[in-house]
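Take the sequences, apply the hints, and build the full model.
Residue numbers (the numbering used here), protein chains in the order written: chain V, 1 to 299; chain G, 1 to 401.
To be clear, the hints were calculated from the coordinates, so they are not data collected in a lab.
Part of the chain V face toward chain G, derived, beta carbon under 7 Å:
id : residue
1  : ALA60
2  : LEU83
3  : LEU86
Calculated Cβ distances over 10 Å to all of chain G for the following chain V residues:
id : residue
4  : PHE189
5  : ARG249
6  : ASN252
7  : LYS266
8  : ILE281
9  : GLN285
10 : ARG294
Just so you know, even glycine gets a beta-carbon here, dropped at the ideal spot from N, CA and C.
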Amino acid sequence: MSLKIRDLPNEELVAPGNSGCPGCGATMGARMAMKVLGSRTIMVNGTGCMTVNYGVLAAARFPYLHMLFETTGAVLSGLDAGLRSLGKREGVTLLGWAGDGGTADIGFQSLSGAVERGHKFVYICYDNESYMNTGGQRSGVTPYGASTTTCPAGKRSIGESRPMQRRKDMVEIMAAHGIPYAATASLAFPMDYMAKVKRAAEVDGPSYVHLLSPCPPGWGSNDELTVEVSRLAVETGMWILYEVVDGERKFNKRLKTLRPITDYLKTQKRFRHLLDQPEEIEKIQSFVTKRAERLGLLG
Amino acid sequence: MASVFVSGNMAAAIGARQAEVNVVAAYPITPQTSIVEYLAKFVADGELDAQTIPVESEHSAMAACIGASLAGARAFTASSSQGLALMHEPVFAAAGLRLPLVMAVANRALSHPVTIWSDHSDSMAERDSGWLQFYCETCQEVLDTIIIGYRVAEDARVLLPAMVCLDGFYLSHLSEPVSVPAIEDVRRFAPKSAPKYPILDVDDPKSIGLVISPDFFTEFVYDKHASMSMARDVTEEAFAEFERMFGRRYSHLESYRIDDAEVVLVGMGTMAGTIRVAVDGLRARGMRVGALKIKTYRPFPGEEIRRALRGARVVAVVDRAVTYGTGGIAYYDVARELVNESPHPLLLDFVAGIGGRDITVDTINRVAEQALAVSLDGRRDDVTWVDANKETLAIWGLALR
Ligand SMILES: Cc1ncc(C[n+]2csc(CCOP(=O)(O)OP(=O)(O)O)c2C)c(N)n1
Ligand code: SF4
Numbered sequence: 001m002s003l004k005i006r007d008l009p010n011e012e013l014v015a016p017g018n019s020g021c022p023g024c025g026a027t028m029g030a031r032m033a034m035k036v037l038g039s040r041t042i043m044v045n046g047t048g049c050m051t052v053n054y055g056v057l058a059a060a061r062f063p064y065l066h067m068l069f070e071t072t073g074a075v076l077s078g079l080d081a082g083l084r085s086l087g088k089r090e091g092v093t094l095l096g097w098a099g100d101g102g103t104a105d106i107g108f109q110s111l112s113g114a115v116e117r118g119h120k121f122v123y124i125c126y127d128n129e130s131y132m133n134t135g136g137q138r139s140g141v142t143p144y145g146a147s148t149t150t151c152p153a154g155k156r157s158i159g160e161s162r163p164m165q166r167r168k169d170m171v172e173i174m175a176a177h178g179i180p181y182a183a184t185a186s187l188a189f190p191m192d193y194m195a196k197v198k199r200a201a202e203v204d205g206p207s208y209v210h211l212l213s214p215c216p217p218g219w220g221s222n223d224e225l226t227v228e229v230s231r232l233a234v235e236t237g238m239w240i241l242y243e244v245v246d247g248e249r250k251f252n253k254r255l256k257t258l259r260p261i262t263d264y265l266k267t268q269k270r271f272r273h274l275l276d277q278p279e280e281i282e283k284i285q286s287f288v289t290k291r292a293e294r295l296g297l298l299g
Numbered sequence: 001m002a003s004v005f006v007s008g009n010m011a012a013a014i015g016a017r018q019a020e021v022n023v024v025a026a027y028p029i030t031p032q033t034s035i036v037e038y039l040a041k042f043v044a045d046g047e048l049d050a051q052t053i054p055v056e057s058e059h060s061a062m063a064a065c066i067g068a069s070l071a072g073a074r075a076f077t078a079s080s081s082q083g084l085a086l087m088h089e090p091v092f093a094a095a096g097l098r099l100p101l102v103m104a105v106a107n108r109a110l111s112h113p114v115t116i117w118s119d120h121s122d123s124m125a126e127r128d129s130g131w132l133q134f135y136c137e138t139c140q141e142v143l144d145t146i147i148i149g150y151r152v153a154e155d156a157r158v159l160l161p162a163m164v165c166l167d168g169f170y171l172s173h174l175s176e177p178v179s180v181p182a183i184e185d186v187r188r189f190a191p192k193s194a195p196k197y198p199i200l201d202v203d204d205p206k207s208i209g210l211v212i213s214p215d216f217f218t219e220f221v222y223d224k225h226a227s228m229s230m231a232r233d234v235t236e237e238a239f240a241e242f243e244r245m246f247g248r249r250y251s252h253l254e255s256y257r258i259d260d261a262e263v264v265l266v267g268m269g270t271m272a273g274t275i276r277v278a279v280d281g282l283r284a285r286g287m288r289v290g291a292l293k294i295k296t297y298r299p300f301p302g303e304e305i306r307r308a309l310r311g312a313r314v315v316a317v318v319d320r321a322v323t324y325g326t327g328g329i330a331y332y333d334v335a336r337e338l339v340n341e342s343p344h345p346l347l348l349d350f351v352a353g354i355g356g357r358d359i360t361v362d363t364i365n366r367v368a369e370q371a372l373a374v375s376l377d378g379r380r381d382d383v384t385w386v387d388a389n390k391e392t393l394a395i396w397g398l399a400l401r
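Here's what the structure looks like:
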């Protein structure tokens, strides 16, 4: 990766003083993204936690639009066209920023349309694997076995029951639109993440970065451990770091071996009920191991 | 000033072209579709220098217009019925962000049952969104009102978006000779100046669309209310200037033979012309009947309504939309203005022309006859479904009251 930590500006465009929870992965992600994108960036943020985090105590030092939940892609399209029509598009980065709900569920159509039409923008989905602004309901990317308020674990419920292989895979879906750049990212690998955001901004056309964003209240994780939880997701193979550049897949973090998934699951209360159900753990472990082998992630 | 023979939809597209819109984002729906097709063709042929966004839904059409407007561009869209209903959410947001968009609405009823035919239920459902609403009667009026719409919407005293409504098929697909104002004149009439609302600008960064607590929300809403009220005068000024520059006179209300009228028939959109024809016929039969067309529906021209209807014995409002279990919708706006007048005319509520049922001279004659027959004792009948079919209802086991 060409990006060096000394290249990053000291300036904080995402200022301290936001009202996010301690240990919020999403706000960390925004801060890092803006370090590479710079102040000539216009951000469109579909409703979610960030609406509150930066919309109550305005803490952004760049143009920031808090917009309707599902409209991020469409508003970016309008901004792209509007700036072009005025001859003001040059030198401006457009950033879409939305949660997994605003991206994989309700905002899916608007994003797909914007990407298909080829507007130029960077879209970052901060994925806390649930609707957190409304208190932690499931989304189309909530992992198998996670307990949320709309798929709570209980005597007759495992929590989220959709099998691992049917989790809506946003990076693959975006890559299938034929866009020049799509990638996953992790807060435990900040230089990798920021290099990806930089690359996403440099390509010609829409680009997509999907950032796993631990959420202490939603996941029941310790708010000091957001980076650690992010790292465990990668080291267990639960989260795979890769990018799709003009259709070519490249894995950014190869692993010698996979750590057992329980190392990751046990850091979060949403998975706690699984820990005494070995057959469920085995189901997830087997999926994760096979996937890593199939992708050639190991070794 | 060139003259062309075009449909209401083409007139709408020409209006947007002459206003030199920067961005067009719209989605096809009958009977609006050809507006966006014409605009796409203008752009393809180099007659309009604009960005078109062939969005994947009306929700995104409105959202994209919001984005374009927040970039500082002049944006235009058009829709109908299901499409307008789908945009409901961003329609409110556009007004809340104070963006001076203009949208043509080719009025069509809402499903179900499925229909493509006209009534006002689609735009009426957006009545309280904070958009100005103008209802048009002729193709010329459609073209002119789009241009007037930009001037009023972009005025710093207003900064609210504007809907220009044209009855689906009756006007959208009716062709008439239309005079096209020259672009240079439109530029003088509705100049594109620097936006007077906050935009997203990297050289002047702002956070837009923040969360507002109950401590301030009322005042934001009041501000919109005050601007909408102000839009009455601003629109009047625009009408006057338009007449001076282009020779065509518009006003919030258009009255016809009401000076000595015992009964005044009130309507919006294309039915206004039918009402005037009916009035001539009724007058020829010695009945003292007049007509009042409401062109500007939001802001509602209350004072003008009171002035126009002061001397009437009976006022009959004909509505092309229903508030269920009660009656017509514009009826309420009219009644609200008159209720504290003393004495005030007797008000009658008629629903007609729903889902593409033609409002004919005969329909209006029946309205007038009932209005003339009503006694002065102040008793008010329920809404009259003047063109509902008794036989059909009887088959369904329903009686028409
Ligand atoms: C049309 C609409 N439906 C529902 C909501 C309520 N709502 C606001 S944010 C949100 C969830 C957002 O989830 P996500 O996109 O994952 O972001 P997060 O809250 O996790 O940051 C919901 C359901 C809304 N604002 N708009
Ligand atoms: S609930 Fe989760 S995503 Fe939302 S602010 Fe808190 S930590 Fe961040």
